[in-house]
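The listed protein sequences derive, respectively, from chains A and B. Numbering (numbering that gives the first Met the number 0) for the first sequence: 0 to 321. Numbering (numbering that gives the first Met the number 0) for the second sequence: 0 to 288.
Hints are computed from structural coordinates only; laboratory data are not their basis. Some hints here could point you the wrong way.
To be verified - Derived lysine-lysine pairs resembling DSBU-like cross-links, with alpha carbons at most 30 Å apart: (1) B/K277 with A/K236; (2) A/K236 with A/K311; (3) A/K252 with A/K311; (4) A/K278 with A/K252; (5) A/K278 with A/K226; (6) A/K314 with A/K226; (7) A/K252 with B/K235; (8) A/K311 with A/K226; (9) A/K252 with A/K236; (10) B/K277 with A/K252; (11) A/K314 with A/K252; (12) B/K235 with A/K278.
Claimed, not checked - Label-pair distances were calculated between CB atoms; the ranges are: (13) A/P209 with B/M205: 27 to 33 Å; (14) A/P265 with B/G30: 51 to 57 Å; (15) B/L27 with A/N310: 36 to 42 Å; (16) B/D144 with A/E87: 53 to 59 Å; (17) A/C303 with B/G30: 40 to 46 Å; (18) A/P178 with B/V34: 27 to 33 Å; (19) A/L38 with B/D144: 53 to 59 Å; (20) B/G115 with A/N220: 53 to 59 Å.
These numbers come from a predicted model, not from an experiment. For every residue, glycine included, the Cβ atom is placed at its ideal position computed from N, Cα and C.
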Amino acid sequence: MSDMAKHAGTDVEAPARASRAPRTRRFSDPRRASFPVLLVFLVPALAIYFGLTAYPAFRTIYDSFFTIEGMERIPVGFANYVALWQDETFWVAVRNTFIWAFVAPILDVATGLLLALALYAGVPFARFLRIAWFTPVLLSYVVVAILWMWIYNYDWGVVNELLRAMGLGDLARSWLGDPNTALAAVIVTHAWKWAGFNMVVCLAAIHSLPREVLEASELDNCGWGAKLRYMIVPMLKPTLLNLYVLAFIGKMKVFDLVWIMTGGGPLWATETVSTYVYKRAFNWNTFDLGYPSAIAAVWFGVVCAAVILLNKIFKSKDRLEY
Amino acid sequence: MTYQNAQPHGIKPFKPLPRLFGRGALALVIGAYTVYTLGPFLWLATMSVRNTGEISADHYAWPSPFRWEQFRVAWVDSAFDTYFWNSAIVVVTAVAVVTLVGAAAAHALARYRFRGNRIIYGILFSSIIFPPQITLISLYQILVDYNLYNSLTGLTLVYISLQLPLTVYLLEGFFARIPQDLFDAAKMDGYGDIEIFRRIVLPIGMPAIATTLILNFIQLWNEFLFAVVLISDPEKRTLPIGIRAFMGDHFQDIGMIAAGVMISVIPVIIAYAFFSEKLIRGMTAGAVK
Chain A
0 MSDMAKHAGT
10 DVEAPARASR
20 APRTRRFSDP
30 RRASFPVLLV
40 FLVPALAIYF
50 GLTAYPAFRT
60 IYDSFFTIEG
70 MERIPVGFAN
80 YVALWQDETF
90 WVAVRNTFIW
100 AFVAPILDVA
110 TGLLLALALY
120 AGVPFARFLR
130 IAWFTPVLLS
140 YVVVAILWMW
150 IYNYDWGVVN
160 ELLRAMGLGD
170 LARSWLGDPN
180 TALAAVIVTH
190 AWKWAGFNMV
200 VCLAAIHSLP
210 REVLEASELD
220 NCGWGAKLRY
230 MIVPMLKPTL
240 LNLYVLAFIG
250 KMKVFDLVWI
260 MTGGGPLWAT
270 ETVSTYVYKR
280 AFNWNTFDLG
290 YPSAIAAVWF
300 GVVCAAVILL
310 NKIFKSKDRL
320 EY
Chain B
0 MTYQNAQPHG
10 IKPFKPLPRL
20 FGRGALALVI
30 GAYTVYTLGP
40 FLWLATMSVR
50 NTGEISADHY
60 AWPSPFRWEQ
70 FRVAWVDSAF
80 DTYFWNSAIV
90 VVTAVAVVTL
100 VGAAAAHALA
110 RYRFRGNRII
120 YGILFSSIIF
130 PPQITLISLY
140 QILVDYNLYN
150 SLTGLTLVYI
160 SLQLPLTVYL
170 LEGFFARIPQ
180 DLFDAAKMDG
190 YGDIEIFRRI
200 VLPIGMPAIA
210 TTLILNFIQL
220 WNEFLFAVVL
230 ISDPEKRTLP
240 IGIRAFMGDH
250 FQDIGMIAAG
260 VMISVIPVII
270 AYAFFSEKLI
280 RGMTAGAVK
């Protein structure tokens with residue numbers, strides 16, 4: 000993500016400024032603005048940022064050292080963090096979120112890439128298909144969750160109906176009610192929503208690949224398997240990794256879908272850190288906002304560290320030049 | 000890889016297909032995936048015009064008759080009109096404000112040189128990765144302190160702050176690519192800084208601004224977590240939490256839930272039918288370079 004900051008522009012045009020020295024005071028350097036002008040442009044954004052993002056974030060971290068019940072604040076030092084360390088539910092939530100965040104993006108990105116390749120291979124109605132496959136991205140998690148709760152319904156859901164129709168009725172089960180399948184079921188739903196997003200991004204990247212290289216491979220009678228493995232995937236690597244990181248961030252935060260579909264159950268099988276924070280803060284009648292603040296603070300650190308780490312790992316690999 | 004030699008030159012207009020499947024299998028896979036993405040949605044659409052009794056009899060039957068009054072009932076009797084207008088007011092206000100504020104900041108960061116430019120950009124940008132919980136609990140307390148809890152104004156303010164980093168990030172990238180010559184010429188003509196922003200940056204940046212408008216609109220229209228925490232009064236529910244609450248109360252009333260869900264989806268689908276390319280570009284703006 001940080002490479003996006005490169006095309007920021009100000010540095011690129013530095014020579015232009017130097018050659019265009021101001022002739023009079025009145026036509027001053029257009030790259031500079033007086034302090035009040037900068038304030039007018041920047042203060043609203045900064046006020047919103049500091050008031051509604053930075054201050055609440057710091058306050059959450061500060062609050063994590065207290066027990067807060069209503070108006071009452073009791074400083075407890077690191078007690079919340081110690082309790083968190085021993086909280087089994089928290090660790091289950093961490094495990095589930097990590098499984099989701101590290102494994103599921105592979106599913107998303109791979110599906111997206113394969114769909115993009117199918118469209119690139121020149122199937123008829125490619126324009127329509129691209130639009131159709133993208134539709135789930137626009138639906139809200141509430142809508143997607145309700146739809147898939149019906150799809151997974153034990154008595155009349157599509158999945159079980161299909162299994163019974165194929166004579167595999169034994170496999171029919173309450174997909175969201177069974178601790179063994181609940182997490183996978185929710186992950187599949189999440190992938191259903193996001194595959195189209197990855198498809199569009201991959202397709203755009205494939206179209207921007209240099210034609211000569213792909214045409215040369217055709218002259219060399221290079222099969223699709225080989226082309227995919229030795230050319231397309233390596234050349235798309237920056238895009239694919241970028242998509243992986245985006246998906247990863249999204250999944251570290253996942254809340255809506257899980258909350259509506261399973262509420263974190265059954266037996267904590269789909270509990271994620273987000274749903275657990277929500278439960279501790281607003282749902283269970285524990286009335287303490289200090290402990291969930293501690294969870295949020297820890298998770299904030301974990302997400303930031305993971306994103307920085309992923310960027311470092313992916314950056315260190317040389318980009319393929321073409 | 001024996002298929003390597005079987006590369007007929009006759010199908011040059013099409014790019015070569017994967018030989019390991021062949022055209023028929025590929026078409027089958029593509030057809031299956033299309034059913035997989037659109038099927039659930041069409042199923043929902045059929046259920047929204049059937050009543051729950053009919054649905055229980057057969058969940059997959061074609062609607063006959065089409066009960067369009069389901070939508071009227073959902074709209075009027077099940078309070079989906081309230082949810083719809085609450086959503087509309089909050090989202091439209093938040094999107095308008097965040098676009099203006101974000102565009103102003105993006106312009107200053109993209110155009111002017113000043114000490115701390117990149118630091119301010121970095122600060123605004125980095126909060127994109129923040130998990131929402133880090134602000135959620137405190138925002139709840141802050142809004143309670145300022146009497147903005149359980150109010151659409153409070154929710155709007157929070158929505159503005161949620162979309163600000165992305166807006167600044169996207170618009171900064173676009174604005175930085177506007178040629179400096181335009182600004183030099185404008186200065187020569189005696190335009191002030193505010194006028195430049197209003198009469199050059201906003202008109203020229205309109206395609207980029209439209210993209211961020213769309214992205215912000217869809218994301219906020221679908222937003223659930225902050226709405227569910229910051230709104231408790233049924234009169235003030237937005238569509239996502241309204242649907243969720245309705246489902247909690249009427250778990251068995253599938254036909255009515257489907258109609259309510261359709262009400263929340265229809266604006267998005269209509270917009271998608273007319274501006275599909277713009278919507279796709281808007282939603283993927285951060286990821287496509």
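Hints the structure fails to honour: Violated hints (numbers, rising): 5, 14, 16, 19; every other hint is consistent with the structure.
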